[in-house]
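A.B. asks: Build out the structure end to end from the sequences listed, making use of the hints.
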Amino acid sequence: MLTVDFILKGGVSMRRLLVVLIAVLVVVSFAQWKPAKSITVIVPWSAGGSTDQVTRMITSQMEPLLGRKFIIVNTPGGAGSIGTLNAWQAPHDGYTWTANATLDLTKYAVLGYMNVTHRDWTYFLCAEAPNVVAVNPNTPYKTIEDLVKAMRENPEIPLSSAGTGSGGHVALEIFAEHLNVKYKHVPYAGGAPATTAVVSGEVVGNMQFIHEVADMARAGKIRILCTLAAEPIYLQGYGEIPSIRQWYPDFPDVRFHFGLIIPKDVPEEVLKTVGEVFEKAANSDTFKEWALKQGLKPVCYYGKEAEDIVEQVARRVTWLLYDRGIATISPEQFGIPRIGQ
0 MLTVDFILKG GVSMRRLLVV LIAVLVVVSF AQWKPAKSIT VIVPWSAGGS
50 TDQVTRMITS QMEPLLGRKF IIVNTPGGAG SIGTLNAWQA PHDGYTWTAN
100 ATLDLTKYAV LGYMNVTHRD WTYFLCAEAP NVVAVNPNTP YKTIEDLVKA
150 MRENPEIPLS SAGTGSGGHV ALEIFAEHLN VKYKHVPYAG GAPATTAVVS
200 GEVVGNMQFI HEVADMARAG KIRILCTLAA EPIYLQGYGE IPSIRQWYPD
250 FPDVRFHFGL IIPKDVPEEV LKTVGEVFEK AANSDTFKEW ALKQGLKPVC
300 YYGKEAEDIV EQVARRVTWL LYDRGIATIS PEQFGIPRIG Q
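The sequence shown: position 195 = 194 (the working numbering), numbered continuously.
Honestly, I wouldn't trust all of these hints.
As a list, the in silico DSS-like pairs of lysine-lysine whose alpha-carbon atoms are at most 27 Å apart [claimed, not checked]:
1) Lys-148 with Lys-183
2) Lys-296 with Lys-271
3) Lys-220 with Lys-148
4) Lys-263 with Lys-36
5) Lys-287 with Lys-303
6) Lys-148 with Lys-181
7) Lys-279 with Lys-36
8) Lys-36 with Lys-271
9) Lys-220 with Lys-181
10) Lys-296 with Lys-263
11) Lys-287 with Lys-33
12) Lys-68 with Lys-271
13) Lys-292 with Lys-279
14) Lys-220 with Lys-141
15) Lys-220 with Lys-271
16) Lys-303 with Lys-263
17) Lys-292 with Lys-263
18) Lys-287 with Lys-271
19) Lys-68 with Lys-287
20) Lys-263 with Lys-33
Read the hints as simulated data drawn from the structure, not as lab findings.
C.D. replies: Below you can see the structure in the form of structure tokens.
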């Protein structure tokens with residue numbers, strides 16, 4: 000044991016000892032950040048939608064690990080930009096997060112909704128979600144070929160989405176561009192009301208994420224024609240859903256990731272602790288079983304790996320929205336190149 004007498008006699012310099020103690024304290028603080036109060040997660044979409052479902056499940060697994068409650072606040076509007084802006088404008092102290100699909104954080108700047116870009120956030124991605132083509136079961140469309148034929152004959156078939164530039168809207172635009180069809184876009188304030196509109200017959204169908212239509216499909220209130228992902232998917236209680244590539248082999252692979260999102264400039268110890276807790280939660284049996292039941296692929300990406308995923312999405316989605324005349328600001332203005340450049 001070091002004594003004061005030993006230190007003063009030159010056994011260990013006081014300066015060196017202080018440096019060592021400070022270093023130890025820094026390491027401990029990084030590894031042991033403990034929130035002093037509840038954490039608010041602003042979901043910028045309606046309750047029951049794709050982002051809301053994933054957020055509530057992953058945070059329920061993180062709560063016992065962090066020792067604090069998560070308060071989920073649904074703030075729909077502006078295709079998710081209103082809630083996202085609220086999260087950004089809150090203090091960057093680790094107590095206010097947001098949640099979304101990867102594509103959403105890439106679009107707000109080119110749509111003119113926010114000056115903040117996807118590069119200003121840190122991502123914790125836990126679920127990969129394919130888009131599916133879903134229709135009201137009372138429509139005559141039994142296969143994707145039936146729907147494509149009808150859309151080529153009638154460019155006013157109403158199809159819903161969670162809002163302009165949302166995941167479902169992007170899927171519709173990819174579908175229309177690749178298959179040379181047109182449609183009437185009917186936006187709603189989230190995936191849940193967009194799916195309810197299909198069930199009620201307000202619209203013919205939509206191309207939302209699988210977990211937004213899963214329950215209605217199991218109940219026979221929605222017919223899923225195919226997935227826009229490259230491979231077939233299996234939905235428990237419903238069956239196998241074929242890939243659109245069975246009919247159109249060159250169709251792009253359409254699926255995106257969901258997760259929690261935090262401003263990049265929060266204290267480093269916050270991000271370190273969140274990463275450790277998130278990894279345990281995303282790899283828990285409870286979360287994985289829930290994800291698979293909803294037709295999702297459970298994943299665990301954060302740090303640079305997640306940022307690289309979002310960057311590729313930005314190159315794809317922002318230019319699609321700009322080329323299709325939906326976004327008014329060129330991605331070039333934000334230094335976002337096209338895929339392949």
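A.B. asks: Tell me, which hint numbers fail for this structure?
C.D. replies: 15, 17
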